[in-house]
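Asks: Chains as they are written, first to last, in my numbering: chain H, 1 to 281; chain Z, 1 to 281.
If you're looking for bench data, these hints aren't it; they were derived computationally from the structure. Certain hints may be false.
Some chain H residues well away from chain Z (every beta-carbon gap over 12 Å; in silico) [to be verified]:
| hint | residue |
| --- | --- |
| 1 | 23 |
| 2 | 26 |
| 3 | 30 |
| 4 | 39 |
| 5 | 45 |
| 6 | 48 |
| 7 | 111 |
| 8 | 119 |
| 9 | 136 |
| 10 | 233 |
Rough simulated footprint, nothing fancy, chain H against chain Z, three-plus residues with beta-carbon under 8 Å [what the hints assert, rightly or not]:
| hint | region |
| --- | --- |
| 11 | 80-89 |
| 12 | 204-211 |
We put the CB at the ideal spot given by N, CA and C, even for glycine.
Protein chains: 2
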Amino acid sequence: MPHRPIGIFDSGIGGLTVLSAARRRLPAESFVYLGDTARVPYGTKGPETVLRYAVQAASFLVEQGVKMLVVACNTAASVALPELARRFRLPVVGVIEPGADQACRLTRSGTVGVIGTEGTVASRAYDRAILRRRPRARVLSVPCPLFVPLAEEGWGEHPVAEICAREYLAPLIEAKIDTLVLGCTHYPLLKPVLQRLVGPEVRLVDSAEATAEVMASMLAADDAEFAGDRRGDVVFHVTDLPERFRRVGRPFFGAELDQVETADLATVAGRYSARAGRGLR
Amino acid sequence: MPHRPIGIFDSGIGGLTVLSAARRRLPAESFVYLGDTARVPYGTKGPETVLRYAVQAASFLVEQGVKMLVVACNTAASVALPELARRFRLPVVGVIEPGADQACRLTRSGTVGVIGTEGTVASRAYDRAILRRRPRARVLSVPCPLFVPLAEEGWGEHPVAEICAREYLAPLIEAKIDTLVLGCTHYPLLKPVLQRLVGPEVRLVDSAEATAEVMASMLAADDAEFAGDRRGDVVFHVTDLPERFRRVGRPFFGAELDQVETADLATVAGRYSARAGRGLR
Chain H
1 MPHRPIGIFD SGIGGLTVLS AARRRLPAES FVYLGDTARV PYGTKGPETV
51 LRYAVQAASF LVEQGVKMLV VACNTAASVA LPELARRFRL PVVGVIEPGA
101 DQACRLTRSG TVGVIGTEGT VASRAYDRAI LRRRPRARVL SVPCPLFVPL
151 AEEGWGEHPV AEICAREYLA PLIEAKIDTL VLGCTHYPLL KPVLQRLVGP
201 EVRLVDSAEA TAEVMASMLA ADDAEFAGDR RGDVVFHVTD LPERFRRVGR
251 PFFGAELDQV ETADLATVAG RYSARAGRGL R
Chain Z
1 MPHRPIGIFD SGIGGLTVLS AARRRLPAES FVYLGDTARV PYGTKGPETV
51 LRYAVQAASF LVEQGVKMLV VACNTAASVA LPELARRFRL PVVGVIEPGA
101 DQACRLTRSG TVGVIGTEGT VASRAYDRAI LRRRPRARVL SVPCPLFVPL
151 AEEGWGEHPV AEICAREYLA PLIEAKIDTL VLGCTHYPLL KPVLQRLVGP
201 EVRLVDSAEA TAEVMASMLA ADDAEFAGDR RGDVVFHVTD LPERFRRVGR
251 PFFGAELDQV ETADLATVAG RYSARAGRGL R
């Protein structure tokens with residue numbers, strides 16, 4: 001059986017924190033990463049639009065021959081997972097369920113805070129995923145629209161990040177959460193600031209790490225995990241501005257982004273819509 | 001001759017500051033506004049992508065029967081103006097030239113600061129437009145990526161905006177600029193903070209107001225300005241999330257956004273590419 005890669009996609013660079021966690025957890029696996037940088041961000045866009053983009057991105061990765069599809073964008077995972085699982089015959093993992101699962105295992109009081117983009121918070125995907133596991137939990141979600149631009153500006157630990165975080169998190173601290181879900185793949189870059197603000201007794205759930213754990217257990221269950229000790233490869237594709245991706249993405253991935261190629265989703269999606277006999281507009 | 005509207009487009013809501021200035025300057029004119037909210041922002045995207053989007057947006061407005069096309073997005077104006085003027089047989093106005101023109105009229109020392117998105121600054125469109133008029137000017141441009149999210153968050157006068165502005169503007173203040181061009185249609189919402197930081201002796205150029213002046217003079221020259229005293233209409237189209245547009249856009253427009261419709265650019269653009277016998281991908 002050939003060594004097929006795992007496909008990961010995000011609206012841009014945020015998903016690199018998921019890829020990074022997955023590489024640490026599954027060093028022998030190879031990965032194909034797709035960042036839809038021509039249409040980033042998804043967080044301020046509507047569900048139909050995000051679903052259309054997600055199907056195009058997934059189609060591209062499936063054409064690359066991936067054995068597993070990881071939706072490393074909270075907004076896309078919150079609206080597109082069932083449709084992707086229906087369309088493509090391979091395991092599909094999102095970032096919401098693993099984060100919600102870990103939050104439910106960590107919380108003692110049952111009062112859980114969730115922070116994310118406007119789109120993710122409005123979708124209430126984390127609230128639903130947590131309440132499904134723990135119906136008596138109290139979930140408080142707040143959107144933090146400035147965290148993504150702050151992380152991309154490299155200001156994740158800048159004083160400005162702390163002022164913004166203090167304002168955004170005030171209602172969560174007030175409500176005495178004991179667990180905080182970082183419901184956006186950009187937010188790991190603000191971890192030290194967030195931990196300082198909520199205090200050491202509040203547990204942070206990094207959905208990138210939680211997702212890597214789920215990927216590992218699914219691969220093991222499937223008996224498809226690559227057993228060799230060769231380090232896997234990573235290839236990056238973006239829909240726009242590979243140079244910016246390389247520069248801004250470095251701290252998200254934690255290493256140089258060597259092989260970045262430009263992808264054209266319009267063509268792939270056209271083929272897929274036609275093949276499926278129906279288009280998503 | 002029928003009372004044809006003026007078409008204005010932007011990647012999202014920023015262009016509403018241009019529409020607002022144009023409404024004040026030309027109250028009897030009617031307007032069709034298009035915000036490409038499904039793909040906002042353009043500022044972090046590459047020139048080819050932005051050009052493709054701009055042609056689609058302009059095609060949509062031309063189909064609405066507009067008599068003039070206003071590119072109220074600095075990023076789009078910096079890359080797409082010549083192509084739009086070539087493709088469509090109607091006056092095309094961008095926001096760059098009017099702002100550059102006013103800066104050259106206002107500066108005494110010839111040391112001009114320009115602030116904008118990464119895309120606008122990287123295009124050097126303001127630098128070129130100013131140096132063409134005043135070859136011995138000294139132009140310093142800095143990107144301010146956090147200003148757009150701050151303005152959209154309604155934090156244009158928040159302490160965070162002041163800290164960010166202090167950091168971004170430091171090299172311009174150091175260089176003793178006497179004129180500062182707000183090279184992004186979102187930035188008028190940060191005007192009080194910016195003016196306070198650079199001091200009262202530095203002149204701010206609001207490209208929205210400069211553009212409205214140019215529109216007025218082109219209409220007068222063309223003898224097409226509507227002479228009646230009825231107040232013109234405004235219709236808004238967005239490619240995604242009309243509700244968010246209405247809520248976030250209000251402070252940019254300075255009034256309620258009543259009639260917001262959803263537009264599908266993909267169909268329009270398809271027709272246009274076919275008609276022109278060539279596509280922009």
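Asks: Look at each hint and say if it fits the structure.
Replies: Okay, the hints, checked on the actual structure:
For residue 23 (chain H), the requirement that its beta carbon stay farther than 12 Å from each beta carbon of chain Z is met, with the minimum near 26 Å. The Cβ of residue 26 (chain H) sits about 31 Å from the closest Cβ of chain Z, beyond the 12 Å cut-off, so the non-interface label holds. At the 12 Å boundary, the C-beta of residue 30 (chain H) stays outside the reach of chain Z, the nearest C-beta of that chain being 28 Å off. With 12 Å as the threshold on Cβ separation, the claim that residue 39 (chain H) sits away from chain Z is violated: the shortest Cβ distance comes to roughly 5 Å.
Residue-level check failed: residue 45 (chain H) sits 5 Å from the nearest beta carbon of chain Z, not beyond 12 Å. A Cβ of chain Z approaches the Cβ of residue 48 (chain H) within 12 Å, the least distance being about 8 Å, so the stated non-interface status is violated. Every Cβ of chain Z is farther than 12 Å from the Cβ of residue 111 (chain H); the closest lies at roughly 26 Å, confirming the non-interface assignment. A beta-carbon of chain Z comes within 12 Å of the beta-carbon of residue 119 (chain H); the shortest separation is about 9 Å.
Every CB of chain Z lies more than 12 Å from the CB of residue 136 (chain H), the least distance being 32 Å, so the non-interface label holds. At roughly 26 Å from the closest C-beta of chain Z, the C-beta of residue 233 (chain H) stays outside 12 Å, upholding its exclusion from the interface. Check on the region 80-89 of chain Z: 0 of its residues sit with their Cβ under 8 Å from a Cβ of chain H, so the three-residue criterion for coverage is violated. Counting residues of the region 204-211 of chain Z whose C-beta lies closer than 8 Å to any C-beta of chain H gives 0; at least three are required, and the coverage claim is violated.
In the structure shown, a violation is registered for the earlier hints numbered 4, 5, 6, 8, 11, 12, in ascending order.
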